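**Student:** Using the hints provided, position chains B, C and D relative to the given structure of chain A.
There are 4 protein chains.
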Amino acid sequence: MTADVTAPELAVSQWFNTAEPITLAALRGQAVLLHAFQMLCPGCVAHGTPQAQRVHRLFRTDELAVIGLHTVFEHHEVMTPAALEVFLHEYRITHPVGVDTAVAGDPIPATMRAYAMQGTPTLMLVDRQGRQRLKQFGRVDDLALGAEIMRLVKE
Amino acid sequence: MTADVTAPELAVSQWFNTAEPITLAALRGQAVLLHAFQMLCPGCVAHGTPQAQRVHRLFRTDELAVIGLHTVFEHHEVMTPAALEVFLHEYRITHPVGVDTAVAGDPIPATMRAYAMQGTPTLMLVDRQGRQRLKQFGRVDDLALGAEIMRLVKE
Amino acid sequence: MTADVTAPELAVSQWFNTAEPITLAALRGQAVLLHAFQMLCPGCVAHGTPQAQRVHRLFRTDELAVIGLHTVFEHHEVMTPAALEVFLHEYRITHPVGVDTAVAGDPIPATMRAYAMQGTPTLMLVDRQGRQRLKQFGRVDDLALGAEIMRLVKE
Amino acid sequence: MTADVTAPELAVSQWFNTAEPITLAALRGQAVLLHAFQMLCPGCVAHGTPQAQRVHRLFRTDELAVIGLHTVFEHHEVMTPAALEVFLHEYRITHPVGVDTAVAGDPIPATMRAYAMQGTPTLMLVDRQGRQRLKQFGRVDDLALGAEIMRLVKE
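Note that the protein sequences, when read in sequence, are chains A, B, C and D.
For the first sequence, numbering that gives the first Met the number 0 begins at 0 and goes up steadily by one.
For the second sequence, numbering that gives the first Met the number 0 begins at 0 and goes up steadily by one.
For the third sequence, numbering that gives the first Met the number 0 begins at 0 and goes up steadily by one.
For the fourth sequence, numbering that gives the first Met the number 0 begins at 0 and goes up steadily by one.
Hints may be right or wrong, so weigh each one.
Repeated chains share a single entry, so a pair holds when one copy, or any two copies, can fit it.
Under the rule of at most 20 angstroms between Cα atoms (straight-line distance), these lysine to any residue pairs were calculated in the SDA-like manner [what the hints assert, rightly or not]: (1) Lys134 - Ala18; (2) Lys153 - Thr17; (3) Lys153 - Asp141; (4) Lys134 - Ala6; (5) Lys134 - His55; (6) Lys134 - Thr79; (7) Lys134 - His75; (8) Lys153 - Ser12; (9) Lys153 - Arg127.
If you are wondering where the hints come from, they were derived from the structure by calculation, not from laboratory data.
Predicted, not measured: the structure shown is a model, and the values here were computed from it.
The following block holds chain A by itself, in its conformation from the complex:
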């Protein structure tokens, strides 16, 4: 008997850089990189977000989907979708980014809660069968990340 390791579906209240809403269900067959960040988190801005951009430029879209997730769990009043839009413009981020759905009475938004993330940045990989395969809080090494992504692409 094996545990159900299907990655929880994304709960997103607003999308940027995509004409249509994105679901993990619709991405079956492709590997997925989820980059959870906050626009005023220094480690996200210095490392996580530029790395997601590098990955987005390197891999073919039909092999890997790169998706940002704005998981605001503090300072909600200033890290608004309007502020995020400016951030994405100024940092020239072109991959799809979703706003993780706020939950009444909980500072932690819905997707962040479903994945039990520790903080930001958190990088997650989902394989072509929709299973979560990696969840790493903090800085991730480029060499190791390139290898892990290709492992999922080639399975």
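**Tutor:** Using the frame of chain A, we list chains B, C and D on its own:
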């Protein structure tokens, strides 16, 4: 006949990290570093702001005053004082930072206009007699900056 | 009809960091990274050699063999095997390194000539069937390299 | 009563990048940066030597003399003057570099012994009166170094 090269006085609507408002007039006798930035400007976050912090840690306060200036000239609706306060907290910026005074009908705030800055980040040095001595837009080299500051301190 | 793309065998006059001489023939079944360098080549020391060390630490030995190749094509009188041994010790390089065999009357050593390398550093990948799959002169991106290596490991 | 803090004279057996031998005595009136290094010392190659080159480019020659000192205290058989000459060429080092004089029966060369240096890289500053003012083993911060040099230049 020589031109008046006294640095324009700061026009600041709100201060952070200081109990009392700061004026260049009151800083005569000390060298001053002014670091003009916007909290969502990538070059400011990557280079200008960390450099201002390094300078603030290195020099004695009675030799050099390090002052940040939030010169918002675009996206005014999201780069508010409330957002700036979160930014300063998250990036652990401890030197005084003033909000450059907004001007009705002009996207460019008052001090930025008075100094004719080209954009952000801009680094300026003011000598012990209150005269502007350097104004550089973009990235500034640490080695050259250390030397220029000490030149003003030792005059 | 397809061209023979088997990677040329290594011609090595002296080995470091390995008890037995290494041949590509004996490595069939494993992917191989060849890092061609000169100990006094600035780009090799700054980028290529540290990258080879990072790769060596990341991948399992039975998946990937990392092999350095000291391809001296200039200043032969000072980049001797004795000097190389000191270099490997000081830079704490622990993967096997071979001295590319000098050829009388030719400044370019035998393996460098066989692979038609342009200069140093040059990074090459050989797949599990012994075929050359990548040859890149100059700086190589970590993310792309991690992916290319895993592609060969997973084939 | 104050101690004699005159910096010991350089003991150099061979010079590169200068037509005439250099003495500290002849440099009275200028500040001097001495950069002691070994060509196969990783910290020297990664940090010390490039920093000496940056300093050499930034300051006027009549304000500051930048002098490299090849203080070989290990692996003497491969860090020869002939090997150093190739190193200076490959790394495009253009400031004067002297070979610290070897001493029979002592692995430590004469100038390194006279200055009681701990290892390489070591950076030293000598003021316009010929007095030693700084001696730092290991990595030196650019901002602090720029300031310290200008302090000596302006005294």
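**Student:** Against this structure, judge whether each hint is valid.
**Tutor:** Results of checking the hints against the structure:
1. Lys134 - Ala18: neither (27 angstroms within a copy, 40 angstroms between copies)
2. Lys153 - Thr17: Intra 26 angstroms, inter 32 angstroms, cutoff 20 angstroms: neither.
3. Lys153 - Asp141: both (18 angstroms within a copy, 19 angstroms between copies)
4. Lys134 - Ala6: So Lys134 and Ala6 pass the 20 angstroms test inside one copy only (11 angstroms; across, 38 angstroms).
5. Lys134 - His55: within (18 angstroms within a copy, 24 angstroms between copies)
6. Lys134 - Thr79: neither (25 angstroms within a copy, 34 angstroms between copies)
7. Lys134 - His75: Answer is neither; intra-copy 24 angstroms and inter-copy 36 angstroms both fail.
8. Lys153 - Ser12: Classified as neither: same-chain Cα gap 32 angstroms, cross-chain 38 angstroms, threshold 20 angstroms.
9. Lys153 - Arg127: So Lys153 and Arg127 pass the 20 angstroms test inside a copy (10 angstroms) and across (16 angstroms) alike.
In terms of the numbered hints stated before, the structure departs from hints 1, 2, 6, 7 and 8, listed from lowest to highest.
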